[in-house]
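K.L.:
Listed here are the chains, written in short residue letters.
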Amino acid sequence: MDFYDILFWILSVMAVGCALGVVLSRNPIHSVIFLILTFFAISGHYLIMNAQFLAIVNIIVYAGAIMVLFLYILMLMNLNADAEPQKGLLVQIAGILSGGTLFLVLLAATKSAHNEEINKVSTNVGLITNLGKLLFTKYVLPFEISSVLFLTAMIGAIVIGKKEPQLKNGEEHIA
Amino acid sequence: MELLILFRNQRLILHLHFKTNTVNQFLTISFSSIAAAIHNWLALSIPNETLVKVIDLTITGVLLLGFLVILCFFLGYMERKVAGFMQARYGPNRVGPYGSLQIVADTVKLLFKEGLTPKASDKFLFHLAPVIIVVASLLVMAPIAFASNFQIWDISIGVLYMSSVSSIAVIGILMAGYSSYNKYSLLGAMRSGAQIVSYELSVGLSLIAIVILSGSLQLSHIVESQRDGWWIYKGHLPIIISFVIFLIASTAEINRAPFDLAEAEQELTAGFHTEYSGMKFAMFLLAEYINLFVVSAIAATIFFGGWMPFHLGHWEAFNHIMNFIPGFIWFFGKTFFIIFIIMQFRWTFPRLRVDQLLTLEWKYLLPISMVNTILVTVMAIMGWHF
Chain U
1 MDFYDILFWI LSVMAVGCAL GVVLSRNPIH SVIFLILTFF AISGHYLIMN AQFLAIVNII
61 VYAGAIMVLF LYILMLMNLN ADAEPQKGLL VQIAGILSGG TLFLVLLAAT KSAHNEEINK
121 VSTNVGLITN LGKLLFTKYV LPFEISSVLF LTAMIGAIVI GKKEPQLKNG EEHIA
Chain Z
1001 MELLILFRNQ RLILHLHFKT NTVNQFLTIS FSSIAAAIHN WLALSIPNET LVKVIDLTIT
1061 GVLLLGFLVI LCFFLGYMER KVAGFMQARY GPNRVGPYGS LQIVADTVKL LFKEGLTPKA
1121 SDKFLFHLAP VIIVVASLLV MAPIAFASNF QIWDISIGVL YMSSVSSIAV IGILMAGYSS
1181 YNKYSLLGAM RSGAQIVSYE LSVGLSLIAI VILSGSLQLS HIVESQRDGW WIYKGHLPII
1241 ISFVIFLIAS TAEINRAPFD LAEAEQELTA GFHTEYSGMK FAMFLLAEYI NLFVVSAIAA
1301 TIFFGGWMPF HLGHWEAFNH IMNFIPGFIW FFGKTFFIIF IIMQFRWTFP RLRVDQLLTL
1361 EWKYLLPISM VNTILVTVMA IMGWHF
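Protein chains in written order, with the working numbering: chain U, 1 to 175; chain Z, 1001 to 1386.
Hints are supplied without guarantee of correctness; some may be wrong.
[To be verified] Straight-line distance between alpha carbons at most 35 Å, and here's what the computed DSBU-like set of lysine-lysine pairs gives:
(1) Z:K1363 with U:K87
(2) Z:K1113 with Z:K1053
(3) U:K162 with Z:K1123
(4) Z:K1183 with Z:K1113
(5) Z:K1363 with U:K163
(6) Z:K1113 with Z:K1123
(7) U:K163 with U:K133
(8) U:K162 with Z:K1363
(9) U:K87 with Z:K1119
(10) Z:K1183 with U:K163
(11) U:K87 with Z:K1113
(12) Z:K1119 with Z:K1109
Everything labelled a hint here was simulated from the structure, so no lab data went into it.
With the sequences and hints as input, model every part of the structure.
P.N.:
Listed below in structure tokens is the structure:
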């Protein structure tokens, strides 16, 4: 077996196992930790395909930023253990049905997808120079528009989060 | 110790070769050639290619761990001596000559201590947290260039890799704080999380200044671009500003005083590692020292040229003399100089309050570094640097 094959299998088992852990664990914090591990496994897959930039961005954005926010929110909300709300039978059945349908759709999509073998050693598609050239030539308009979208989201968050000045003079403002 | 022996060997070989061969011959005897020789020997003696790779990786890992343990012993001793020096006292002076074995004694004490686990704690996360913190700081070591061509992984986006992987430590800290089920721990973890997430921006922006000038994210290229002078000298004022910002922000990012709100003893007992004892506590300490080294190594590589000797423009004779000092001596000299500066911070400045901490980052450091980035860009376009 090739070195890359061994790595591939280790990472795949890790990704699938951790993804199952996300769904199956009772504690939401554990779910988040499993999700982070899943992201790491997927980043490892990117690295095997020599897509270093994608791998690192995956870690920065998902494992580094979004998951930390998740952890924050969960820790602030759920300080008592086992505060899991009990759901009725009908809700459970509905959840199983909709989840199963989504699973079926995904399975069908991946089954009929065109599978292309990637040369693990010589491919350079994911390197930052190629990606940068593509982003600033072919896809420059969508790239810029999406950056404006992010800016809008940021300003929106500030507008929503900004408190109206309610304090009278002389009162100390507590940040 | 190993390094010293290696250095002596190098000098010896230099002596033998000096009469017959040129300076370039000396420069080929280096860490990279030793590593290549070991790899070739393995490849010749073991037919299986996969096995060779695995053995290579194992050797690298074991060497790195051994190096880090020695480094942490040294940094612990250095920290105490610097603290003693700053406060006009002796520091450790009983165990071993000049107290140099004090850290060994401490480690033995920590090893024999009972590792308590609180009954109410989340056991899985409680045991996992110190491991994640140490692993995160170990991962950052990968692209650091210790000497010429001597890197574990010369990834093409080294700077980005470092800043991304170092942010993983937040998860470990949050886990430690949460799983202890202790309000002090949780508060400490929350503070530390907010602090790391916000100061990361300034660290990233100050690194980007050099990336713009050198035109590469790869650490070996950045070092190579400083062949005719380090960036802190070539880049004029904007680079000095970004170096200062990097120093402040990275001190905050590794949770050292004056930014050690996460473990402010007077308010939070010991912050996120209140409940840890024995070797698990030692792992937090280990991670702190590794982070200190990593941050200083990054600063040394980015701003001070890494293993690149002190070169001045086109003074060939001067540059040749400087080339005689091996690269790793330059690297460790610069790194320990920056470590020394960061250690002095601890005993110089009082700890910041939470709101002061966030004000410093969001109202001062971030705007300054953004304006600085624009300045550096203009400088790079107009070619105003040396």
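K.L.:
Now tell me if each hint is right for this structure.
P.N.:
Quick rundown of the hints versus the structure:
1. Z:K1363 with U:K87: Given that 35 Å is the threshold and the Cα spacing comes to 46 Å, the pair is violated.
2. Z:K1113 with Z:K1053: Outside the cut-off at roughly 38 Å; violated.
3. U:K162 with Z:K1123: The given pair, whose Cα atoms are some 39 Å apart, is violated under the 35 Å limit.
4. Z:K1183 with Z:K1113: Holds, because 24 Å separates the two Cα atoms, which is no more than 35 Å.
5. Z:K1363 with U:K163: holds, 18 Å
6. Z:K1113 with Z:K1123: holds, 19 Å
7. U:K163 with U:K133: Outside the cut-off at roughly 42 Å; violated.
8. U:K162 with Z:K1363: Roughly 16 Å between the alpha carbons, so the hint for U:K162 and Z:K1363 holds.
9. U:K87 with Z:K1119: holds, 30 Å
10. Z:K1183 with U:K163: It holds: about 27 Å lies between the C-alpha atoms, which stays within 35 Å.
11. U:K87 with Z:K1113: The hint is violated at about 46 Å.
12. Z:K1119 with Z:K1109: holds, 24 Å
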